[in-house]
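In order, the protein sequence lines correspond to chains A and B.
For what it's worth, the working numbering labels the leading residue of the first sequence as 1, then goes sequentially.
For what it's worth, the working numbering labels the leading residue of the second sequence as 1, then goes sequentially.
Hints listed in this document are in silico derivations from the structure and should not be mistaken for laboratory results.
Be aware that one or more of the hints could be misleading.
Said to hold, decoys possible - The calculated DSBU-like cross-link candidates involving lysine-lysine, where the alpha carbons are at most 35 Å apart (straight line), are:
#	chain 1	residue 1	chain 2	residue 2
1	A	7	B	224
2	A	218	A	17
3	A	131	B	235
4	B	235	A	17
5	A	237	A	2
6	A	96	B	235
7	A	96	A	17
8	A	96	B	286
9	A	108	B	224
10	B	224	A	2
11	B	235	A	7
12	A	2	B	235
Claimed, not checked - Derived coverage of chain A by chain B (criterion: at least 3 residues anywhere in the stretch with Cβ under 8 Å from a Cβ of chain B; other residues may be distant):
#	region
13	75–82
14	95–107
Ideal Cβ placement from N, Cα and C applies to all residues, glycine included.
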Amino acid sequence: MKPLVVKNVEMVYQVPKGDSVHALSDISFELDGGRMLTLLGPSGCGKTTLLNIIAGFLAPTSGSVTLGGDEIVGPSSERGMVFQQGALFEWLSVAKNISYGPRMRGQKASTFQPEVGRLLDVVGLGGFGDKQVYELSGGMQQRVALARTLANDPEMMLMDEPLGALDALTREKMQGLILNLWNDTGKSIVMVTHSVEEALLLGDTCFVMAPRPGRIEKVYDLPFAERALTEDSRKIKNSPEFIEVREEILSFIWAMEEEIMGREMA
Amino acid sequence: MIPATAATLADDTVPSSGKRTKRSDNKTVTFGDAGAVRSLPRWAIAGALFALLTWYVTTRAWGFPADFKSTVEAGASDREIFRLCSLSSECDVDSYTQIVSPLTFPSPRDTWNAAVGLFADGYQGITIWTHIWSSVWRVLRGMFWGCLFGIPLGLAMGLSSRARGFLDPMVEGFRVIPPLALVTLFGLIFGIGDSTAVPLLIFASVWIMIIAARAGVRNAPLSKVRAAYALGASKPQLLRTVLVPNALPEIFTGLRVALGVSWGTLVAAELFGVKQGLGAMIQTAKNFSRLDVIVVAIVIIAIIGVAMDAIVRLLESVFIPWQGKG
Numbered sequence: 001m002k003p004l005v006v007k008n009v010e011m012v013y014q015v016p017k018g019d020s021v022h023a024l025s026d027i028s029f030e031l032d033g034g035r036m037l038t039l040l041g042p043s044g045c046g047k048t049t050l051l052n053i054i055a056g057f058l059a060p061t062s063g064s065v066t067l068g069g070d071e072i073v074g075p076s077s078e079r080g081m082v083f084q085q086g087a088l089f090e091w092l093s094v095a096k097n098i099s100y101g102p103r104m105r106g107q108k109a110s111t112f113q114p115e116v117g118r119l120l121d122v123v124g125l126g127g128f129g130d131k132q133v134y135e136l137s138g139g140m141q142q143r144v145a146l147a148r149t150l151a152n153d154p155e156m157m158l159m160d161e162p163l164g165a166l167d168a169l170t171r172e173k174m175q176g177l178i179l180n181l182w183n184d185t186g187k188s189i190v191m192v193t194h195s196v197e198e199a200l201l202l203g204d205t206c207f208v209m210a211p212r213p214g215r216i217e218k219v220y221d222l223p224f225a226e227r228a229l230t231e232d233s234r235k236i237k238n239s240p241e242f243i244e245v246r247e248e249i250l251s252f253i254w255a256m257e258e259e260i261m262g263r264e265m266a
Numbered sequence: 001m002i003p004a005t006a007a008t009l010a011d012d013t014v015p016s017s018g019k020r021t022k023r024s025d026n027k028t029v030t031f032g033d034a035g036a037v038r039s040l041p042r043w044a045i046a047g048a049l050f051a052l053l054t055w056y057v058t059t060r061a062w063g064f065p066a067d068f069k070s071t072v073e074a075g076a077s078d079r080e081i082f083r084l085c086s087l088s089s090e091c092d093v094d095s096y097t098q099i100v101s102p103l104t105f106p107s108p109r110d111t112w113n114a115a116v117g118l119f120a121d122g123y124q125g126i127t128i129w130t131h132i133w134s135s136v137w138r139v140l141r142g143m144f145w146g147c148l149f150g151i152p153l154g155l156a157m158g159l160s161s162r163a164r165g166f167l168d169p170m171v172e173g174f175r176v177i178p179p180l181a182l183v184t185l186f187g188l189i190f191g192i193g194d195s196t197a198v199p200l201l202i203f204a205s206v207w208i209m210i211i212a213a214r215a216g217v218r219n220a221p222l223s224k225v226r227a228a229y230a231l232g233a234s235k236p237q238l239l240r241t242v243l244v245p246n247a248l249p250e251i252f253t254g255l256r257v258a259l260g261v262s263w264g265t266l267v268a269a270e271l272f273g274v275k276q277g278l279g280a281m282i283q284t285a286k287n288f289s290r291l292d293v294i295v296v297a298i299v300i301i302a303i304i305g306v307a308m309d310a311i312v313r314l315l316e317s318v319f320i321p322w323q324g325k326g
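Use the sequences and the hints to build the structure in full.
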């Protein structure tokens, strides 16, 4: 898998009334292929903006983003995106949603059909191919979204709070699924999440970002994702070392949130 | 490459809701839930009966002349009445006027009798079915061209700010003009008969379809558009596979509104030189003071309108089964 290189990325939004918002300030990092990066931070810290720049949906004001040496200039099927919800195509069946990418590339049904069946099994939706997406629960819809992205065999999977709309139990199960997909496919994953626990468990690297201007405040290299592949994730989440990092990040984010609140009140 | 990790998360894979069965949804929330607001047949019948009763009571209160009623009951057409009047010594033009002149609102029974007569003998030497079909065909042609021009223009307006800027003043300006105000001008431009009627019906529907299609595109969620691009779709593919299907609910709503407005424009559209059609029938009947014929035509228009709307709604459930379930 190709390495992602983000170099001196700046993002400034012009808003009406002539003001500008400094959404990202001088972001630079390198991510080796096959890593799982999680982005954490208070609202407004630019983590979704950063993800959208990597996806190619937004062009940075300055700086460059390259994947395997190639400059990212727009969205591409080598960087699949999983959204929080509502990005599935309701007018297509589950199987047709999954085969969307291959069909857009003009692949023949005989080529992608076996792959669709296999992906349905991979995400635990075997036999659901002919269902309509609006007949599925929220968790199942996110499974379809994952499978749809995998069908393109991308270099990298980008996830914008993919589990944010799910209930706690489904969320934990889906975390297990994402971990397994990451391990089995070896694909790079960049995931934005609001859950500190999720960011620590899934990310082998975790950036904690800070707002105004949006920047990477802290970088954690974490052992928990590797461990979760073999150990019980509940046990990991209750281990002292996990709790220590979690509390550190939580109090850090809390302090930032309170500073934002204070500034907005003033 | 990816081994199946299925079955690990089995109970999440049970569908939360099964396929919707007819009316036994066991829903407790029926207010504001579009899926539940399905008009029940017994309520539809009650509504129709209420309308009929109101009609009957008001016309009874106003009264209607017996001779007028019996003339119509006999199934006589205007021409026959007029011929009888001119032949008979007792029935001169004055009494003809007496027979038909009381301009009271026809009661349900008058209308029923007139309808029986019309369906048996036709009107103005043309069968009622020809009148009906002429109007339906006119409305369908108007809707067809209205959609053919309106939907692509609306899609273009939703997609391109240039198209939006260029077309917006025209659309906003034209759509408020009542088609009735344009009958004379259209008559001058296109000539009399269908050559005016159909353009007028196109004019009635095209703006509605433009606005509907435009709204449908503008309502496309950003996440769907981005998802399609990130899955490798090109712009034309995005349009075909995401934006158009996503706009279907709005387009169908526009279709229903445009159908209603088209029928509303029909009488004006058939004002000049149209011999066949329900609107033309109303014009002629007006000249003969045949209020009962007018009411029959109105009721027929209402019934066809309801039937056409039902067909569009049926198409809606076929083409956009996901509506309201997202």
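Okay, the hints, checked on the actual structure:
1. A:7 with B:224: holds, 29 Å
2. A:218 with A:17: holds, 33 Å
3. A:131 with B:235: holds, 28 Å
4. B:235 with A:17: holds, 33 Å
5. A:237 with A:2: holds, 31 Å
6. A:96 with B:235: holds, 19 Å
7. A:96 with A:17: With Cα atoms ~45 Å apart, residue 96 of chain A and residue 17 of chain A exceed 35 Å; violated.
8. A:96 with B:286: Violated, at roughly 58 Å.
9. A:108 with B:224: Holds: residue 108 of chain A and residue 224 of chain B sit about 24 Å apart, inside 35 Å.
10. B:224 with A:2: Distance of about 27 Å is within 35 Å: holds.
11. B:235 with A:7: Holds - the C-alpha atoms of residue 7 of chain A and residue 235 of chain B are around 29 Å apart, at most 35 Å.
12. A:2 with B:235: This hinted pair holds, its Cα atoms lying about 27 Å apart.
13. 75–82: holds (count 6)
14. 95–107: holds (count 4)
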